[in-house]
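A.B. asks: These are the residues of each chain, in order.
There are 2 protein chains.
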Amino acid sequence: MLNDSSKKVKDITSMNEDFARWYTDVVKKAELVDYSIVRGCMVIRPYGYAIWENIQKELDRRFKELGHENVMMPMFIPESLLQKEKDHVEGFAPEVAWVTMGGNEKLQERLCVRPTSETLFCDHYKNVIESYRDLPKLYNQWCSVVRWEKTTRPFLRSLEFLWQEGHTMHETAEEALKETETMLEVYADFFENCLAIPVVRGRKTDKEKFAGAEATYTIEAMMHDGKALQSGTSHYFGDGFAKAFDITFTGRDNKPHFPHQTSWGMSTRVIGAIIMTHGDDNGLVLPPRIAPTQVIIVPVATHKEGVIEKAEELKARLSKDFRVKLDASNNSPGWKYAEYEMKGVPLRLEIGPRDIENNQCVLALRADGSKKIVSLDNLEAEVENALNEIHDILYNKALENRKEKTYSCNNLEEIVKTANEKNGFIKALWCGELACEEELKEKAGITSRCIPFGEEMEDGVCVCCGKKAKNLVYWGKAY
Amino acid sequence: MLNDSSKKVKDITSMNEDFARWYTDVVKKAELVDYSIVRGCMVIRPYGYAIWENIQKELDRRFKELGHENVMMPMFIPESLLQKEKDHVEGFAPEVAWVTMGGNEKLQERLCVRPTSETLFCDHYKNVIESYRDLPKLYNQWCSVVRWEKTTRPFLRSLEFLWQEGHTMHETAEEALKETETMLEVYADFFENCLAIPVVRGRKTDKEKFAGAEATYTIEAMMHDGKALQSGTSHYFGDGFAKAFDITFTGRDNKPHFPHQTSWGMSTRVIGAIIMTHGDDNGLVLPPRIAPTQVIIVPVATHKEGVIEKAEELKARLSKDFRVKLDASNNSPGWKYAEYEMKGVPLRLEIGPRDIENNQCVLALRADGSKKIVSLDNLEAEVENALNEIHDILYNKALENRKEKTYSCNNLEEIVKTANEKNGFIKALWCGELACEEELKEKAGITSRCIPFGEEMEDGVCVCCGKKAKNLVYWGKAY
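Each protein sequence line maps, in turn, to chains A and B.
Converting from the first sequence to our numbering requires adding 3 to each position, the first position being numbered 1.
Converting from the second sequence to our numbering requires adding 3 to each position, the first position being numbered 1.
No lab work stands behind these hints: they were computed from the structure.
Take these hints with a grain of salt, some might be off.
[Unchecked claim] Each pair of labels, with its calculated beta carbon distance range:
| id | chain 1 | residue 1 | chain 2 | residue 2 | range |
| --- | --- | --- | --- | --- | --- |
| 1 | A | Q86 | B | P259 | 52 to 62 Å |
| 2 | A | L402 | B | T154 | 18 to 28 Å |
| 3 | A | G254 | B | G448 | 46 to 56 Å |
| 4 | B | T305 | A | S134 | 46 to 56 Å |
| 5 | B | S83 | A | E445 | 57 to 67 Å |
| 6 | A | E82 | B | P259 | 18 to 28 Å |
| 7 | B | E61 | A | N196 | 45 to 55 Å |
| 8 | A | Q86 | B | E387 | 47 to 57 Å |
| 9 | B | K89 | A | E403 | 28 to 38 Å |
| 10 | A | R24 | B | K89 | 38 to 48 Å |
Source: prediction; values computed, not measured.
Yeah, the Cβ is synthetic: ideal placement off N, Cα and C, and Gly gets one too.
Construct the complete structure from the given sequences, taking the supplied hints into account.
C.D. replies: Below, the structure written as structure tokens:
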């Protein structure tokens, strides 16, 4: 398709006209996914998968630096195994796919396709943990999981999605809690420093926490339209699963103990977060640190002698430090500009005969449309600076958007009005009761996103029932 | 477990006593897999998965250098889609797992868990191929697939296994055939130059080829016990699937054409090949280029001043170029030697007080048990040389074993006698008829491994029926 100059690139819906349609248009036009014949499943195309590979590389490096090791569990969970932890099975059983036949035979016991792998990890941990010397176990796996969703959207909610799931076992509760916090911070740091997406770190309410967990920590990002996207979660299980699965270890005191457990996951949803945080009416806008192509070189007046050669020389130079592509095709520069804008390539390098004469080139920043002329002498440093600048522009834009769309409400009337009129984060006090959480869902259509870390709460009353408040909560509509 | 010095490392069955038990002992003792609660599925433990990650890295780099891109297809195939290509469905339908329930609802159409993804790729290619300008499509995916096997063994044959599957579409038959050959050579080169396993390259007979393919190319490796392991295959489909799926493109002549297709795959079976080719009675023996740990540093007399420090210094030095671990635990050197021999670490570096005095260390080669004293001055070069030497030792040993166990037979009596008495490759002429292939299976218990490339065939008669021979064939018992 790239080479066919007769096709228009830019016929996508405007963001402000219809954000949902804009999203699906971008996903298709930027060639990230193709809809699959299998309901609710997606085909991740080369450009989309290359983004995922860069995400994987960054996260995997961070995990390994902290001592985690990758493993692979089976994709199937026997029904009896799924049922071992009561809360867990209640949360997941309604939304799993069941294998009931193998070849031509009916199975004696149904197998579900893993929606998450706590039960499989526990079954394995039982075999390999004997003594405190075997702890901690710091495992992770990269795989796909299946959740039988009714309505689906590429990256945001699909029957099958790719993710990583970390599963760790520890000698003490303190250690496990520390791991839960550490991994949340790894996610937050990745979002802010790799994806240029600011996040609110916090704890989920009991209603919103993971099935079977004692506590769920989350990072919540705000999309361009003001809706929230839960972007990564880290769970503390205490010894609940260990007890259900009878996993014990001999402690330093020579007595049996239950180990303490965590799990944490991040998925291809992240790609949805990137699209909806940074994208605009010209298409995708990729943060430089995970963009498959960081710099696209577009030669101008390619028929003039020496232009293609110079462009190739620059490509060779920059390829040592950056992910660079050169488009030397016969398509017009204008077509190319639109194409790589749609694909969200962070930096465009234009080089033509006059530039060559002047030993310079043009750098065009996708993030804000600005251009600058730079000398070819220290091009590497110029590109490096421009990519960092783009990262900062994107981060600050997103932060600005979040600030604009974060509201404080003090009573039920205010919160209902705000939620009806706008999308955004609503900060409001809460008594801690499920009833109030459910009432806010019903009356204002919002859910609790998290109880934020590191934000001081003033004394006050619950926005819903008026009783003494326990927590400051971020509320919002969510993807 | 590593830290518990009370556990014995080396209680494994001897290879010659019982090769099959030796294999499963090594797989367990070297901590490559754990048996899973799910019948026929395996848990790949950190050490096993680290080997797979190195295999992935090497193969993925080779694929990408040739212009291939990674994608991700759904894991499910609707029954009607699987049935579109007649031969393909006949080959695979009897051995797939069927999802029949999603959540609490019975599905209107069964979904199989992919045993291979030709049908899914074709369904996608139909959407994205319009013109010859869209060709070739050079796609690959890393995923797991499921085949409902009755008897299973870790890595060699399991219900679920990890693999990569390349799927490409081309403008012409010639181009597709060239791709099929190129990818077989990528596999062969990877086996010989990364895994130190010599292979026979060849073509499968019609009986043994992939369901739906016009031709299947294979690399066949010989295990230590003389049995064959089909280690990687590359298929040429012609335009059969394209016709079944109605995939056409507008050619340079402005007329519609069917594209020509290939697929090629390599799986976690490769780890089985490594174990059974290089392993010995002390455990695993890993080829240096994919070993998770290439050098294990074992300090001797750790209580003496300066020993640990020197070991750490060497670790820091070598870690720049190699994958290095230091075991500074309190376990005895003898225990450590046995442990890392079991794990198959290619090179052990011993350093003690006297070595430090003499500015030297000992390098012990896992491949042949030899030791050498080397100066610390150019340790990097010494280690590099030793690792290359180990690669060559392993390759030559395996080649020697294959030569010893390759036989030529001229008539039915000879081939039956040889196959009854020995495992190995049997080279014999064949008329090309299925009946003879089946008779050899029945009478000698052997299957055709391949019609080798690049081996000249002398005139002669079929070893089975005595009619004029068409092909020289490698026969054998296979995993």
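A.B. asks: If a hint holds in the structure, say so; if it does not, say that too.
C.D. replies: Consistency of the hints with the structure:
1. A:Q86 - B:P259: 52 to 62 Å: Holds - the Cβ-Cβ distance for Q86 (chain A) and P259 (chain B), about 54 Å, lies within 52 to 62 Å.
2. A:L402 - B:T154: 18 to 28 Å: violated, 59 Å
3. A:G254 - B:G448: 46 to 56 Å: holds, 54 Å
4. B:T305 - A:S134: 46 to 56 Å: violated, 22 Å
5. B:S83 - A:E445: 57 to 67 Å: violated, 42 Å
6. A:E82 - B:P259: 18 to 28 Å: Since E82 (chain A) and P259 (chain B) have Cβ atoms about 49 Å apart, the given range 18 to 28 Å is violated.
7. B:E61 - A:N196: 45 to 55 Å: violated, 30 Å
8. A:Q86 - B:E387: 47 to 57 Å: Between Q86 (chain A) and E387 (chain B), where Cβ atoms are some 54 Å apart, the hint holds.
9. B:K89 - A:E403: 28 to 38 Å: Distance hint for K89 (chain B), E403 (chain A) is violated at roughly 59 Å.
10. A:R24 - B:K89: 38 to 48 Å: holds, 41 Å
The structure fails to meet hints 2, 4, 5, 6, 7 and 9 from the earlier list, while all remaining hints are met.
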